[in-house]
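Add chain B to chain A, keeping to what the hints say.
Spelled out, the chains give:
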Amino acid sequence: MKLTFGLSCPSCGGRIDVEEGDHLAICPFCHTVSKIEGEDDVKTLAYALVVDEKKALEAAHKWFKHGFKARDLKEVGKIKEIYHVYLPFWRYTAKGLGVVCGYNYRTDSRGNTEKVYKEKEIMKDYDWSHIACDAGDIGIMHLRNYRGEVVPLPEDAPTFEVTTSKDDAVDMGVQEISKRIVKEAQIQNITFSKTFVVPRHFVLLYYPVWIIRYEYKDKMYFLTVDGVTGQVLSGRAPGDSVWQGLAIATGSTVGGVLVGLALPAMQYVDARAGLFLLIIGGIIFLGAYSFFRHGSEIVEGDIEKPYKGVDIPYLKGVLKWA
Amino acid sequence: MVTMNCPKCGAPFEYEPGMRFKKCDYCGTMIYIDKSRVMFYYIIPFSLNSQQATEVFRRWAAGSTKAKGLDAAQIKSIKKMYFPVYRFVRRINGREEDVIKPAKTTLLPGMSNLKIPPGDMRIFDDKYDTGDAEVIQPDTSMDAYLGNLPGEAKEQEIVYFPLYEIRYVFNGQEYNVLIDGSSGEVFSSYYPTRSSAPYLLLAVIAFVLAMAGAAGGVMISGVLWFLVLAGFLVGGIGGYFIAKKF
Chain A
202 MKLTFGLSCP
212 SCGGRIDVEE
222 GDHLAICPFC
232 HTVSKIEGED
242 DVKTLAYALV
252 VDEKKALEAA
262 HKWFKHGFKA
272 RDLKEVGKIK
282 EIYHVYLPFW
292 RYTAKGLGVV
302 CGYNYRTDSR
312 GNTEKVYKEK
322 EIMKDYDWSH
332 IACDAGDIGI
342 MHLRNYRGEV
352 VPLPEDAPTF
362 EVTTSKDDAV
372 DMGVQEISKR
382 IVKEAQIQNI
392 TFSKTFVVPR
402 HFVLLYYPVW
412 IIRYEYKDKM
422 YFLTVDGVTG
432 QVLSGRAPGD
442 SVWQGLAIAT
452 GSTVGGVLVG
462 LALPAMQYVD
472 ARAGLFLLII
482 GGIIFLGAYS
492 FFRHGSEIVE
502 GDIEKPYKGV
512 DIPYLKGVLK
522 WA
Chain B
47 MVTMNCPKCG
57 APFEYEPGMR
67 FKKCDYCGTM
77 IYIDKSRVMF
87 YYIIPFSLNS
97 QQATEVFRRW
107 AAGSTKAKGL
117 DAAQIKSIKK
127 MYFPVYRFVR
137 RINGREEDVI
147 KPAKTTLLPG
157 MSNLKIPPGD
167 MRIFDDKYDT
177 GDAEVIQPDT
187 SMDAYLGNLP
197 GEAKEQEIVY
207 FPLYEIRYVF
217 NGQEYNVLID
227 GSSGEVFSSY
237 YPTRSSAPYL
247 LLAVIAFVLA
257 MAGAAGGVMI
267 SGVLWFLVLA
277 GFLVGGIGGY
287 FIAKKF
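Chains A and B, in that order, are what the protein sequence lines are.
Counting from 202, one number per residue, gives the positions in the first sequence under the working numbering.
Counting from 47, one number per residue, gives the positions in the second sequence under the working numbering.
Take these hints with a grain of salt, some might be off.
With a cut-off of at most 25 Å between alpha-carbon atoms, the simulated SDA-like pairs for lysine to any residue come out as follows [what the hints assert, rightly or not]:
1) A:K281 / B:Q120
2) A:K420 / B:S96
3) A:K266 / B:G282
4) B:K290 / A:V455
5) B:K122 / B:Q98
6) A:K506 / B:S242
7) A:K418 / B:V215
8) A:K279 / B:T100
9) B:K68 / A:E356
10) A:K367 / B:D166
11) B:K122 / B:L154
12) A:K236 / B:C52
13) A:K236 / B:R137
14) B:K68 / A:E362
15) B:K81 / A:S366
16) A:K281 / B:S123
17) A:K319 / A:F397
18) A:K418 / B:F216
19) A:K244 / B:Y78
20) A:K296 / A:T245
These aren't lab readings, by the way, just hints derived from the structure by calculation.
All values reported here derive from a predicted model rather than from experimental measurement.
Here chain A stands alone, though its shape is the one from the complex:
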């Protein structure tokens, strides 16, 4: 049983240099053009690691100080381990075309609401990426940066292996881009939409990331630093009871005052203003409560959180309605 096959010109037997992802090859000896099929492999690229260990550590120490993390984290937190790894991402670049029809409601200064019909055509380039292995507890699902020095993957680079299907990734990419096209139209009530996603590139991009593990009071936390931009991408950090107390004090006071003012506002000003105060107050209170309840650990990045995030588009809808 043969496991390895040499790729040579079927016409003269000469050596052909074929790169991964090539579809056609020209024999340098007899100039025969050969079509390569069977293995539709994806081109593999990598971004060069430009952030060195020192800079990654600096980013980590800066991160310790920011946000509502434990106040003594910068003194007590001890970095135990730092290493970089090239994470694989499916990256899909495409031109998105779409027609979206529908209507929005608009209220004029006299309070009359009318239906405004809209039709939008969209043509835009889109970039989409998704991690090509299980994300585990790394907390990076999508890339946020698409600029970097493209290099071949360094020979001895530590990489995480690809364990998801590229065809599934393409499907996901097309779906995601279609959604973004429809969103781009900014139409609330959609009656018709048709989108086309014209693929441009599909590559397997290895992206360098620093993984830093640190210890805080006998507990192990981590953060990841982008190896190209030097920014913190994801992480877990201990929270602080003081911030939690402050959050609920501020949130329930501000929220309570707004809701408390809603009643006199409804009575003396107008119902709409009262309702508005009621909703804003409620949102502030719920947001503060969520932080109070779960703020003992600060989680950043694409990590499953113990509470559901605030659904911003839904809230916008509620506010518009009010």
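Frame of chain A; chain B shown alone:
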């Protein structure tokens, strides 16, 4: 390491996981590696040691949904193991699909939704040192799946991934939790939870005080605005203690 030979010049080269094409270092021929009829043994090394796994457990146990004090639970045992799963890459109607199947029946929490944790895969052969970790042997053979999978085979492999099983005791009861030894993800199906009641109660008290203060301050008497300040103080001081103790 697995050594293969260039079909043109016979020079050896070392195969690495994920490799599909390789340029021969000697004659420059591009070599295609056909993996459709072989089975590869891969292993993902541990990147966390037992001490670190314990600390990951303590971090997880201190989470907001876990019972207060769970992070100080007594650890009864830590088992270090390599757990096997099968991964099949199939070509189904021109599409490449990944199929993951269990290699070992297990009741361990979180292992029923199969996955291969992220990691730097290595070839698993007799030269690979598994150290003090137990290598769990598959109890389901690959053949049991191969005949029933759709499409044609492209690749098949067995992947051993690193896992810690931590058994701990809390309030006299024993629980277990799994920690992926590569990325530190924690799997657990059952653990002592923390009640939201004290949090909610305090939040509502502070909120109602502020609300009553504002409404009353406008509609009844300006003095009632002090209730808002009371709400802030109750929320702040009470919130700090509840976050620390409950």
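inquiry  = Name the hints, by number, that the structure is in violation of.
reply    = Those not satisfied: there are none.
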